[in-house]
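Chemist: Sequence:
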Amino acid sequence: VLNDQTSLTNGKAIFDKICAVCHLVDGGGLVGPNMTDDYWIHGNTIEDMFNTVTNGVIEKGMIAYKDQYSPQQRLEVISYIITLHGTTPATPKAPQGDLKEWPY
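Be aware that the sequence shown starts at 1, since it is given in the working numbering, and climbs by one per residue.
Careful: at least some of the hints might be erroneous.
[What the hints assert, rightly or not] Capping the alpha-carbon separation at 20 Å, the derived lysine to aspartate or glutamate pairs in DMTMM-like fashion look like this: (1) K60 <-> D48; (2) K100 <-> D38; (3) K93 <-> D26.
If you are wondering where the hints come from, they were derived from the structure by calculation, not from laboratory data.
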């Protein structure tokens, strides 16, 4: 997990550009799941999230970003997503997936 300000700022810029369309700017979820709660469809470890961003979830409409973003950029966006956990989005989507202990 990256926690330096530059990495998080870069991650937020990527999130705002590509992720917010489905997960909303505050991470509350729209078409995509809520990123702020303890329920995860595809896992909540760095490895799980990296795999999801890298390879996408085509059957759910999420494309793979391995050709658009470098491994460093994908790690930056994942690190930013981690900062959203436990926040209070304006209109949070109902929990989806399995309840997972938060590892960070």
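Chemist: Which numbered conditions among the earlier hints are violated in the structure presented, ordered from lowest to highest?
Modeler: Checked against the structure, no hint fails, so every one of them is satisfied.
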